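Engineer: All chains should be modelled from the sequences, with the hints used to inform the complete structure.
Chains as they are written, first to last, in this note's numbering: chain Y, 2 to 150; chain G, 56 to 388; chain A, 13 to 511.
Hints are computed from structural coordinates only; laboratory data are not their basis.
Hints may contain errors.
What the hints assert, rightly or not - Capping the alpha-carbon separation at 20 angstroms, the derived lysine-lysine pairs in PhoX-like fashion look like this:
1) Y:K137 with G:K93
2) G:K96 with Y:K137
3) G:K124 with Y:K137
4) A:K299 with A:K263
5) G:K291 with G:K204
Claimed, not checked - Computed, partial: chain G to chain Y, Cβ under 10 angstroms:
6) V127
7) E129
8) R131
9) N337
Since this is a predicted model, take the numbers as computed values, not measurements.
For each residue, glycine too, the CB sits at the ideal point set by N, CA and C.
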Amino acid sequence: MRSKLGQDFWAGLLFVVFGAAAILIARGYKLGTAAHMGPAYMPIAVGALLVLFGVVMTVRSLARGSQEVGVLAWYAAALVLLSVLAFAGLVRSIGLAITTVALAVLCRVAGRYWGWGETALLALGLATMVVLIFLKGLGMALPLWPGQD
Amino acid sequence: MILRVALLLAAKALQATVCLAFVVFGALSAAAQSYPSKPIKIVVPFPPAGTTDLLARTLAQKLNEAFGKPVVVENRPGAGGNIGADVVAHAPADGYTLLLATVSTHGINPTLYPNMPYDAIKDFAPVALVGRVSNVLMVNPKLAANSMKELIALAKAQPGKFMFASSGNGTSLHLSGELFATMAQLDITHVPYKGSAPALADVMNGQVPFMFDNLPSALPHIKAGKLRPLAVTMSKRIVQLPNVPTVAEAGLPGFEAVSWFGLMAPARTPGEVVRRLNSTVNKILSNAEMRQRLIDLGTEPATMTPGQFSEHVKSEIEKWGKVVKTSGATVDQ
Amino acid sequence: MELIANLATGFAVALTVKNIAYCFVGVLLGTLIGVLPGIGPVATIAMLLPITFNLPPESALIMLAGIYYGAQYGGSTSAILVNLPGESSSAVTTIDGYQMARQGRAGPALAIAAIGSFFAGCVATVLVAFFAPQLADLASEFAQADYFSLMVLGLVAAVVLARGSVLKAMAMVLLGLLLGMVGTDVMDSTPRFTFGIPELTDGIGPAIVAMGVFGVAEVIANLEQRGERRVFAAQITRLLPSKDDLRRSWKAILRGTGLGSMLGILPGGGALLASFAAYTLEKRIAKEPQRFGQGAIEGVAAPESANNAGAQTSFVPLLTLGIPTNPVMALMFGAMMIHGIAPGPNVINERPELFWGMISSMWIGNLLLVVLNLPLIGLWIKLLTVPYRLLYPAIILFCCIGVFSVNNSAYEVGMLAVFGLLGYLFLKLGCEPAPFLLGFILGPMMDENLRRALLLSHGDFSVFVTRPISATLLALAAVLLLLTIAPAVRRTREEAFAQ
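Structural biologist: Structural data, given as structure tokens:
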């Protein structure tokens, strides 16, 4: 299915936003001279090209249409990202074992797999495996249980 | 006093399990007699396998043997050493989290970074110096400079055009070059690289005439004749290069730029624990095998009392502060 | 004759039972961490470094080297099976390898990756043994201007990777370039796009980006369809490549090996640049380039040969010049220092048993790897029959641990979530992650080398065309760009006329 507000329209817009933001922020950096090219040079040049390409893509999509974006899986995305953030936030304070269980549970919820027995087995299995490989095997600097950091 | 102890205990209990609180409680009353009663962590604020990391790992192994408790090294690199140093600055002051501090974290960075996450003096209790590393002034062997004086003359002949390489802005090697330029009254251009390997490569193939580098990474190239050493930056000659004069001897009296490494604990670590650690480290450093291992790593073993080390840090911050300010180098965040 | 004597010295060291055992442990470990997404050879070698303190230096280095090139073997496995590069140098293998797996041809894909890696490993080892000093000289010919031009060529090549729109691929390279510039700039110490966050001052690690846009994003996209994309395990027809596969692959393996051996000795890119370049070359010279991206076996054979050859030859600058060209070599440098060996030109003369022992062990290691990996293919295929509902939590977990292991930083695991989201948006908008990743890695090096080259030339831009190496690379880049853009422009015009 093609649509005027299709993939290329939004992708173009994404590029314009990133490019424009880069130019705006990089304006504050030194431009320098040819011999001593400043830190602003490359971001502004790249940002400008990105804006140009983004505009072309957006306009082209408006004129000729591009493939439809389709439905975004907000629920799955939010929970998968939450499981990653949970790992980041918890692992130092409560240790690898419980964090792994939390991550596994959140991931399973993300996929709407409600078999809790299977989730429990999976979580325990994964926790045992990573503790054995990364803590015992490789000696990674991570606490195993709460309060060991 | 009672209030402080109570507060301290409450804070500890919050972040620790009941089991751990027991240990803390014990540590407060019995202080250093039972130290160490659990594994010690040495934070290295740089990536694995650099000089700082290798020193920390060598030391950790010996501390483990001396204490009979595991001593683990954890690399927390980033922001020129500031991330790792900050971790220790805010760790519990119980002697179980230590920092392998360097001339960067406790000499240069306090002036180089306008927004420091920690106070290099107030947030730390200096424990023990471990070693000192000399930097070496080296030129491409094809350059018509057989001594430091000849190098200075060459540089003076082309003001603004003569260049020196370094392992990056604000490193002790960059600032050694800046100090050299100031003292010899040179107008030279700094060419920074990402680490010392690419900088060495460009001096060896003649893209850049000279650079300062740490002894450990410079020595193999000097021995192979790919680089010509003109001077060492310590105040006395070094074992590995006995025929190379110091910068001071070669014509810039008073010049000294040394990379040093030492153990630090968070401020308010019990004095007993600091003294115990200091005497253990100093004893390890007096061992002949350990000294040889350090010399193999290009490091000169050096010991100080906690008090001397503390004074040393203060004078280093003052000294490098001046160099940073004259060079105009800064790293904003 | 001297060489034979040298190799005899080497094999005398490498063929002791003890050293074969360490070599085996190294390559086995390397294969495993290569297969596990996220955790890479840098973190593994760093964590194992203390264990090697008490080993004899030869054994320690043989084992650590085995981890590195073993990881190159393993890296292709997860790229092919779950579309997640185990190592960033396998990112390009996902393009055709995963398509092959979806068509039920995971077996031949894995086998050709192993065979290509074995061949490349052997050839590169011979090259190192015969020509190490000459190769090192070649590498030291490269000046700042040449590196800049090499990066330009690499970025243009990234556009060729694109399956779809050239314009979109170019925009993705640029976006990668931009995000690659986050962090303190090497030349002026200006923090770019760091928003005052100390964790960003050293830039965003490539592992975070690769795991985010490939790993996390892919999981979200699969969950969207409740894993229905992954029912292709049942259709597996054969485990080993057919005659037709081999006929298509052997030249690709040869070319990949050649390119990989050359690029491996250069600082910065190494194995990564090698795999991308090899893929680009195959697609460029193919009679039917439209097969690429649809499961072309050359698209697996070439990059997997190249990254293994590159991994092997990247030891040359370390062992002959004492210059580590990538983070793994920097760790090897440290490992040698701790054993009292100063890496540099003198290693060959002062420690011949170490130098030649290591080189001989690479032959043995490659042999062990192919013996280890061919039977494992059956096992890996079984992995495809593991239901996705059990597999994806493990993928997310390994991505998190892998990112954490690089700098022991929980903050960076948080950033993984950001790149996961970005990668999911890319997927939904039909933007390809491979050009983005290449732009991300090469961009900051290009910026740095451009500015340093101009500083060294006192602002004279002519260095880029007066130096023969640089001029050749830039000319190649220009031709490649024209060849890529011209058909796209023509197509657009034809469409415009048709309307």
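Engineer: Would you mind marking each hint as holding or not holding in the structure?
Structural biologist: Evaluation of the provided hints:
{"no.": "1", "hint": "Y:K137 with G:K93", "in the structure": "18 angstroms, holds"}
{"no.": "2", "hint": "G:K96 with Y:K137", "in the structure": "17 angstroms, holds"}
{"no.": "3", "hint": "G:K124 with Y:K137", "in the structure": "17 angstroms, holds"}
{"no.": "4", "hint": "A:K299 with A:K263", "in the structure": "13 angstroms, holds"}
{"no.": "5", "hint": "G:K291 with G:K204", "in the structure": "18 angstroms, holds"}
{"no.": "6", "hint": "V127", "in the structure": "7 angstroms, holds"}
{"no.": "7", "hint": "E129", "in the structure": "4 angstroms, holds"}
{"no.": "8", "hint": "R131", "in the structure": "9 angstroms, holds"}
{"no.": "9", "hint": "N337", "in the structure": "27 angstroms, violated"}
Comparing the model with each numbered hint stated earlier shows that hint 9 is the single one that does not hold.
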